[in-house]
Every structure is written in structure tokens, then in C-alpha cells.
Amino acid sequence: KAGVTQTPRYLIKTRGQQVTLSCSPISGHRSVSWYQQTPGQGLQFLFEYFSETQRNKGNFPGRFSGRQFSNSRSEMNVSTLELGDSALYLCASSSPQGTRDNEQYFGPGTRLTVT
Amino acid sequence: GNSVTQMEGPVTLSEEAFLTINCTYTATGYPSLFWYVQYPGEGLQLLLKATKADDKGSNKGFEATYRKETTSFHLEKGSVQVSDSAVYFCALKETSGSRLTFGEGTQLTVNP
Numbered sequence: 001k002a003g004v005t006q007t008p009r010y011l012i013k014t015r016g017q018q019v020t021l022s023c024s025p026i027s028g029h030r031s032v033s034w035y036q037q038t039p040g041q042g043l044q045f046l047f048e049y050f051s052e053t054q055r056n057k058g059n060f061p062g063r064f065s066g067r068q069f070s071n072s073r074s075e076m077n078v079s080t081l082e083l084g085d086s087a088l089y090l091c092a093s094s095s096p097q098g099t100r101d102n103e104q105y106f107g108p109g110t111r112l113t114v115t
Numbered sequence: 001g002n003s004v005t006q007m008e009g010p011v012t013l014s015e016e017a018f019l020t021i022n023c024t025y026t027a028t029g030y031p032s033l034f035w036y037v038q039y040p041g042e043g044l045q046l047l048l049k050a051t052k053a054d055d056k057g058s059n060k061g062f063e064a065t066y067r068k069e070t071t072s073f074h075l076e077k078g079s080v081q082v083s084d085s086a087v088y089f090c091a092l093k094e095t096s097g098s099r100l101t102f103g104e105g106t107q108l109t110v111n112p
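Protein chains in written order, with my numbering: chain A, 1 to 115; chain B, 1 to 112.
FYI, nobody ran anything at the bench for these hints, they're computed from the structure.
Cβ coordinates follow ideal geometry from the N, Cα and C atoms, glycine included.
There may be inaccurate statements among the hints.
[Unchecked claim] When the alpha-carbon atoms are kept at most 30 Å apart in a straight line, the in silico DSS-like pairs for lysine-lysine are as follows:
id : chain 1 : residue 1 : chain 2 : residue 2
1  : B       : Lys68     : A       : Lys57
2  : B       : Lys52     : A       : Lys57
3  : B       : Lys56     : B       : Lys68
4  : B       : Lys77     : B       : Lys52
[What the hints assert, rightly or not] Far from chain B, by Cβ distances over 12 Å, these chain A residues were calculated:
id : residue
5  : Ala2
6  : Lys13
7  : Arg63
8  : Phe64
9  : Thr113
10 : Val114
Using the sequences provided together with the hints, build the complete structure.
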């Protein structure tokens, strides 16, 4: 099976712009979660989508949003970029909900730099 | 809320040394516990997991035991290799959903 893929791998944006990141989960996985990784804050949960519905949301401002499509692919959007949004954004997919053993598989991440 | 605390790093060891990275957690209910590893420039890889008290997860010579009485999930390896150099993250997941709560990460460097 192909792993989780994320595009693009690297992005450079300017303050005030917006950005969209894409994640394709492992085939058959219906849950997609997003995390932000920074040196100062570590790994923080952004949100989780399952069957096109947001199931859980972390403590991030409304500038961070996401969606999931019928084929389970997911996108996240950050509007009005700030310097502090520079981070590695990781996507993870997992098999159907409800099992304690549902492992999450991570993609390689998208490195966003805001200048 | 849930939280995970890892020992402060970085940790530097010589090849074949014994490794312990401490991890303690705070959670309601009975979470599942995980260790993830991140190599430079890559995403996270699941190293091992345990889903209930007294379970021992193991993989590639690494082990960790779910200790509910001490709320701990310490990572150990008897003999580290240079290729084990990476950042290690302890994490927990609640019973429902997929949300992971991570520790701060511990940078491990193994010198030949």
C-alpha cells in the first residue's frame, strides 16, 4: 500500500497570504488528522476529519480550517498567515474509528515558511 | 486535560549503551500509549504501542511497558546503534477518536 502523501513538501509564503496544504491518506483509511510541529510548541493537534465531517478540533484560531472530500483526501487552509505559522504540518491517517488499536500513519509533512 | 511529559534531552550515548527515555502521562480513562520516532527531514513513524495496563510494546529491540500505577511508559533499548539517532516522542490516545497528545520529544544521538 502506498503511504500517506502530502503536497507540497515545501512552501514559502509571505505574511498576510493564505495557503492550502493537501493530504492523501492510505487507501481505505477514512480518518485524517492534522498536526503542527514547531520547535517551541512541539506537536500540536489541529483537527480530525472522518467521513467528511470534522470530528475533533484543537486549540487553534479560526484562521486554520480544513475539509475532507468523499475520497478521504483532506486539505487544510491557513488564512492571513503570520510569522508564527512557520512550521512542519503533518497529516496522519488511520483505519475506521472505534478501535483502540487504530494506529495512525504519518506523512512526510509540508514545511511552511512564512516571511 | 490529557498531557504527556518526557525526560528532557538531548541524550547522547555511545554505541551499544543502554537507553532509557522516561515518559509519564496524565489522562482520564484508559488511553492507549505510543512511542513514535522521527528521523531528520521525515514524518513520524510508529515505533511501538500498548493499549492496556501491563501491556508491553516492542519493536526493533525497543520496549516499553504500560504502567498504570505509575502512569508511565518508559522506552528502553539494551544496546543502541548509530542508526537509532533520532527524535523520540511519547504519545497517548484516548479511547475514542484518533487525536494524539504528544510529549515534547527527546533527541537521541548515538556516537560510534
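Results for each hint:
In summary, the hint linking lysine 68 of chain B to lysine 57 of chain A is supported, as the alpha carbons are separated by about 27 Å, within the 30 Å threshold. Distance restraint check for lysine 52 of chain B and lysine 57 of chain A: the Cα-Cα separation of roughly 25 Å lies within the 30 Å cut-off, and the hinted pair is therefore satisfied. About 12 Å separates the Cα atoms of lysine 56 of chain B and lysine 68 of chain B, which keeps this hinted pair within 30 Å; it holds. The straight-line distance between the Cα atoms of lysine 77 of chain B and lysine 52 of chain B is roughly 21 Å, inside the 30 Å bound, and the hint therefore holds.
The beta carbon of alanine 2 of chain A sits about 14 Å from the closest Cβ of chain B, which is more than 12 Å, so the claim that it is off the interface holds. No Cβ of chain B comes within 12 Å of the Cβ of lysine 13 of chain A; the nearest lies about 20 Å off, and the non-interface call holds. Residue placement check: arginine 63 of chain A keeps its beta carbon more than 12 Å from all beta carbons of chain B (closest about 20 Å). With a least CB separation of 15 Å from chain B, phenylalanine 64 of chain A remains clear of the 12 Å interface cut-off, as annotated.
For threonine 113 of chain A, the requirement that its beta carbon stay farther than 12 Å from each beta carbon of chain B is met, with the minimum near 15 Å. Consistency note on valine 114 of chain A: stated as away from chain B, and its beta-carbon is indeed over 12 Å from all of that chain's, at 20 Å minimum.
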